[in-house]
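Residue -16 is where the sequence shown starts when you use the numbering used here, and the numbers rise one by one after that.
Simulated from the structure, these hints should not be mistaken for lab results. Note that this is a predicted model, so its numbers are computed, not measured. Each residue gets a CB set at the ideal place from its N, CA and C atoms; glycine is no exception. Heads up, some of the hints might be wrong.
To be verified - Below, simulated EDC-like cross-link-like pairs (lysine to aspartate or glutamate); rule was C-alpha separation at most 16 Å, straight line:
hint, residue 1, residue 2
1, K22, E12
2, K2, D(-14)
3, K2, E19
Said to hold, decoys possible - What follows is a set of in silico ranges between Cβ atoms, one per label pair, in the way DEER data are often shown:
hint, residue 1, residue 2, range
4, L24, S(-10), 26 to 34 Å
5, H18, F(-6), 28 to 36 Å
6, P29, D(-14), 12 to 20 Å
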Amino acid sequence: MLDQDYSREEFFIKFPNAKTFPQIIINNEHVGGYHELEKWLAFNSPDQDF
């Protein structure tokens, strides 16, 4: 979703529970914000081109 822009309305439709910006998606999986990314990286090894 890199280089994909959303309007404010589209963003909240796509991520209705988001409390922070940006929202991170890896391998088409919604991870969340920065803190969720830290937790995700602690337990996962992303593909080379995530």
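A quick look at each hint next to the structure:
1. K22 with E12: 14 Å, holds
2. K2 with D(-14): Outside the cut-off at roughly 21 Å; violated.
3. K2 with E19: Cα-Cα ~12 Å, so holds.
4. L24 with S(-10): 26 to 34 Å: Hint holds: Cβ distance 29 Å, inside 26 to 34 Å.
5. H18 with F(-6): 28 to 36 Å: Distance hint for H18, F(-6) is violated at roughly 19 Å.
6. P29 with D(-14): 12 to 20 Å: Cβ of P29 to Cβ of D(-14): about 18 Å, so the range 12 to 20 Å holds.
Hint compliance for this structure: hints 2, 5 are not met, and every other hint is.
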